[in-house]
Structures are given as structure tokens and as C-alpha cells.
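Asks: If you want the building blocks of each chain, they are given just below.
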Amino acid sequence: MKKSNTQRILFSYGNRFVQNLRQAAMTKAPKKFFGDYRTGEKMKAQRVRRVALISAVAGVLVAGLISAPSSQAAGQIKIGYINATIGPFAGPAPEITKGFNLALKEIKGQVNGKKIVVIEEASDATAATALEKAKKLVEKDKVDIVFGPLSGDEGVAIANYAKKTPAVTFVNTASSATETTLQVKAPNFFRFHGDAAQWSGGVGPIAYKQGYKKVAIVADDYSFPYANAGGFATGFCKAGGTIVAAQWPALGTKDYSSVIAALPKDIDAVYAGLGGADAVQFLKQASEFGLKKPLIGGAILVDGEVLTSKAKIGDAALGTIAGGPVPTSDYHSKLWDKFVADLASVGTTPNIFNVLGYNSGKSMLAGLVAVKGDLSNGQKAYRAALSKLKWNSPTGPISMDKNRNAIVSNFIYQVISDGKGGFATKTLLKQDNVAQGKKVFGRVNSCADVK
Amino acid sequence: MTRYRALITGVLLFAIVFPFITPDPNFWVSSGGTRALWLGLTALSMSYLNRNLGLMSLGQLFFSGVTGYIVAISSVRHSVDYIYSVPIAILIGTLSGIVIGYIALKTKGVYFLMLTLAVTLGLYSFANQAQEITRGHTGINSIPSPEAFGIDFNSPRALYYLILVIAVLIFAATKFLEKTSFGIALNGIRDNEDRMVSMGYRTLPLKMIAFVYSAFIASISGVLGIWYVTNISPDSVGLLRSIDLLVIVVVGGASYLGGAFVGAVLIAVFEAFIQDITTYYVGATGILFIVVLFLAPQGLMGITAQIRARRSASKAVTK
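Quick mapping for you: the protein sequence lines, in order, are chains A and B. Using my numbering, the first residue of the first sequence is number 152, and each one after it goes up by one. Using my numbering, the first residue of the second sequence is number -13, and each one after it goes up by one.
Hint data in this document are derived by calculation from the structure and do not stem from the laboratory. Careful, some of the hints might be misleading.
[Claimed, not checked] What follows is a list of derived Cβ distance ranges for each label pair:
id : chain 1 : residue 1 : chain 2 : residue 2 : range
1  : B       : Thr(-5)   : A       : Ala535    : 48 to 56 Å
2  : B       : Arg294    : A       : Val208    : 36 to 44 Å
3  : A       : Lys336    : B       : Thr(-12)  : 54 to 62 Å
Computed from a prediction, not measured in an experiment: that's the story for all the values here. A virtual CB, placed ideally from N, CA and C, is assigned to each residue, including glycine.
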């Protein structure tokens, strides 16, 4: 058989390659090891110095390892706190800390004489980093409880890690993917707030009643907005509305002009499931381009944290309907008013992040108070106390379901002008005892996806 | 010869007894040792290309990512046994090096860098969007380590030794490959490709073999990586992780094979300490990078050469 030109070339190369390998295997190996292109006498002196250098580095490493703190002081409770202070949520992340600190202050940072030590680690809202930080807190700092994380996919990863780490209790701070509790079901993972589908479940029927029949979805492309949009679409489609289009730009998108341009003309409203810096950017561009359609917001689109930003989002944000765990400006109760005053004392106003930081932190600490700080016996008593925990939070009663996800109160609200050039929010509906649904949502592109 | 052997033996011995002598073995074996070896192995695939072909590739995470995703998708989501999924995934990851190498190796310098980076970012976007296959931004969680030969590699110590053995084997194989006439021909191409062509060498196939070999290393480290991290998501193959690798390679010394591991150990240990002190650890690592490059432009492995050069320069002056 005649060989083609390519075959011949390949064959000759293969042959030469194998020959080379064989030849090299038979000849004695040259001396140099830590590869350098230089050869000859200089190599020897260089090698000596290199040995010295590497020994020195190794010595420093060993010294560092030995001096690493490894003791666990008695009479304290260690809480490892993971917060996404790097990346897309760097803005709102410190708000969680403010809420958590209020809860810590209320018990004076100790339970039954045991001091509560908080070790904070920064994540960048990616699952891999959150996992790395959780491992570090558990393995190196030997914390009793892990408190975190912020973002949806981090939560899914940490709940999976919790399953493999039965000695430690995990309390979620703000991450709200449905999967975290509904599917992973780690027996030592607790979430004292609703998932994103719980927050937006009531928005759909109200939007339909406002006369929105056809809606297009624009939302960030990860688990939290999926759940958020899924909750909305479930109620909306059931009421009779239709989802006519959906776009899923990546988290951290800086330019929404093509997204806004691609919105269909014959829609009544746009559902915008964006948050943080993305929400501000979207609202700003929607204002600039004169987007005439009313908005329906995901839980963090028109959150206090966004509405108090300095960007020009006015025309777009006004009139937006949204749902979430945060009561509105016109809401009053004894506990809520005290909470708002406490927040004012640390220089902030209510938003979803400090509300969740406070409610989750307070729940975690209330469990500790209930067992008088006793974490012995594999934290059994503590976990039982958390599962049974029922308390009146500033935003309404909180209790746990069998998957350790909270049953909570929820608020459907509308953004209005406060008459001074800023924004206020008005409650349209307060829902009580909202429990988690039974479906984990992916991207919702039409009503068929939520049936 | 003896000194070189002593050094090798010393480093190896230290690596072998490390899990027994380190305080806090739960943390340091896994987040120190295993992490450094895994990062080092991935960085090795990068510095091999740079050292032997003078090409800096940011595409290594593409091969790691392809392999990692194939293993994770087939074994975690469709419960295919690791015996089948791992070799097939490594094979696909390695062979994808042929396609990408064929295109990328026609370019040089910054074009090569950008092309390989584009491939990595392409995988990032795909993994982010193809939700049905890759589970999108959430990624795939709870990836178990294998149980083989009666050993459960889910134990941190077992996984550490597995990665150590593989890293040593690959490092030795790479050293060996450099000494073959194939390796010498590569150095010829790196130094003057035109001359090699005029001497009758077909340079593209030689470069392809080197590129595919580096894809092979990256593929193996991709599998080890998902076992260590237990998760794979688009961020595992994104731009930031590629830059992290570049930092490791450059800090360790981009023209030394051992530099990959030296850089990885330095970064892993530095990050493990600095995160106790400040939550601005990314910035702190950046400062470390600048300081190292300011004092040792050739990386840590290049310090001795740097000192020697300075000495001979000062000698020349005194004469």
C-alpha cells in the first residue's frame, strides 16, 4: 500500500521520537537537575548556592508551620464567618456584618460565660473560594460553627461540604438558592430565612392584577435569580400571565444596552432579576434609554441598598413592584422600629443584607443561648434547639421546616417617590408563614418551565 | 552529583514525612501540601512550554477544565465509574491539545498568549451557559475522590500521597524528556527556529508534541484538582485562575521546571498565613508578587544566577 505524504511524515516523526527516547534511556543522565540552559563549571558553584537557598526556604516554611497557632482555648465558642467581600457583592457584603454585629451586641458577645470568637474569611462569591475558606475555618481554626455564605452557588457548595463535615454546624447568612436546603438536605445545615422563590412567590398574582399580561425576563445567570424568577413565574403564569421572552446575562455584566435593546416591543412589563452593582447599572441604563415598560423586580433589584445608591436610576425604579423579606418604609411594629433605630446607630438603613445578617445571626445565637453554650456530644442538643427554634424577628415570626429551611413572613411592595427626590416603598401585601416550594428552578424561559 | 542527589533526596524525604511532622495536619496536608502540589503540577505544564519553546500559554486551564468537567459530569451526574471516565477524560483533554496546538502554534509571543487565553475563556463562557450539561454557574458539587487498591482517597493524607506520586513521576518524565534529542531539538527551535528549519527540521510536529505533552500534564492535574476541590464551576477555568497560575510560574521562575513547584508552595503557604491576618489577601498576594519580582526578576529559582551575575560584575569592576 502506498503511503500518503502526511502518513510518511507522521511515521518518520513517530519513529524518530521513539528512537530518541530509547537513545536517551541508554545514555547516562547528565548531571544538572534544576534545569538551566547553562552548562559547564559554573553549574557546580551555582548548585551549591541553590542547595543553600532551598534549605533556607524549607527552613522558613518549617518554622512557619511549627509556630502556627493550633491550640483551642477552653471556654469560648468559635464561629467562622464567610462573607463575599470580594467581587460582585463587595458593596452590600459589609451590610451583613452590620446586622450580625447587632445580634452579637444584644448578647454582649458571650453565652453563659463563654466568649464568642468570630473569625472572618473573605470569599469572592465563587463556589471554589467559599469551599476553600470553609475548609480553612474547619480544619485550621477548628471553629464550632460556620456562619455563611452570601451568594446562591456558594451556599449550594457549602451545604454539600457540610454533609461531609458532621462535627460542625453550618448556619447560612444570606445565600438563597432553593437547592441548598430542598435537595442537598445536609442535617447540620440551617437556613433561617426564605429562599428566593419564597420571596417572589406572591409577586406574580399582584403583577397580573396590575394589568401586566405579557412579561419578559432579564436576570443574572445563576441559581439565586433562577429561584427568584421561578417563584415569580409560578404565581404569574397560574394567574393567567405569559412569559414571552427571557435573557440571562452573566453576573457582573457592565453593559445592558444590548439586553435592553433586545426586549420585545409588545410586552407589558419587564421582570428584572438583578442585584447589587448589576441592578444599579441596569436601572441607570434603562433610565438613559427611556425604557417605557414598568419593572417587576427580583428580591434585590430595588432593595434599600440599591435605592440609596447615588446613580441616576429614578425613572426606571419608580413604580417597580417587588417581593422580599424586608418590610417597607410605611411598616411599623415595636421590634421593627427598634431594629431600624439600631441600624441608624451604626449608620445604615434597612436592606435585605443587614436584615438577613441580623435574623440569621440572631437565630444562630438564640440556639446557643437555649443550650447555654453547650456544644458537647457532637452538638446534638444545639442542633435540636435550632430545629425547634421559633422567635419573633423584626420582620415577623421565624420557624424551621423539616429540611431546616425557614418559614417566614414576606412583603410585596412598590417603589414610590418620597417627595424629596428620593425613594420610599409601600407595602402592597404582607404574607405570613410562607414556606419553601417543592421545585428547584433552572432558567425560566416560558410558562412551560414552571408547570 | 552527590549534592544534587542529596538535594533531591532531601526534598522528597521532606515531602514524604510532611504529613507526619506538620502541626495541624488536617489543614496543612490538604490546604497546604495537596493544594501546592496540584497548583504546581498545573503550573509545570505552563513552565514546560515556556522553558522549552519560549511560549507562555494561558490555555492550560482549558485542558484541566475539559478533563475535570468530563470526569465530573460523567461520574457525578451519570455515575460512570472512574475506571472509565478518568482515562477517557485525560485522553480527550490531551487530544484537544492537537487541535488547539495546530492553530495556536502558528503564532508566537503575545498572539500565542491571547489565542490560548481565548480558548480558556471560551470554555468559561460555555460552562457558564450550557446549564443542561455543566449546571451553569452553580457547577458540580460533592465530587468524591476514588477508592482504589483498597485505599480511600477521600482521606486527605491518601490524596496527598496520590498527588505526590503523580507529581514526582511527571516531573521525572519531564526532566527525562528534556534530555532526549527531542528535547534538545525543542531548545533549538526556542533559540532560533529559522536555523532549525534550514537545518532540515520540520518544527511544527516537534512543537505539537511538546504542546500535547503539556496538555497531558494539565489534563492530569485537572482530574486531581476536582478531587481536591470537590467542586468544578466556570470560575475554576476563568481568567482569574489563569492569572493565578501565571503568578505562580513567574514567582517561582518561568525558565526553571522546579520553579512551578517552588512558586506553588510559596503562594499556597503565603495565602494560608495571610488570610489569618487580613481579608484583603488577594491584594497582599499581589504585593508579594511585586516584591519578589522587584528583588528577583528571574523568579525565586533564578536568585542564585542573579547573585552570581552580580558578583562577576563587581569582580570585573575591581579588576
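Asks: Confirm or reject each hint.
Replies: Going through the hints against the structure:
1. Taken as a hint, the range 48 to 56 Å holds for the pair B:Thr(-5) and A:Ala535, whose Cβ atoms sit roughly 54 Å apart.
2. Checked against the hint of 36 to 44 Å, the pair B:Arg294 and A:Val208 fails, with Cβ atoms roughly 18 Å apart.
3. Between A:Lys336 and B:Thr(-12) the CB atoms are about 59 Å apart, so this pair conforms to the stated range of 54 to 62 Å.
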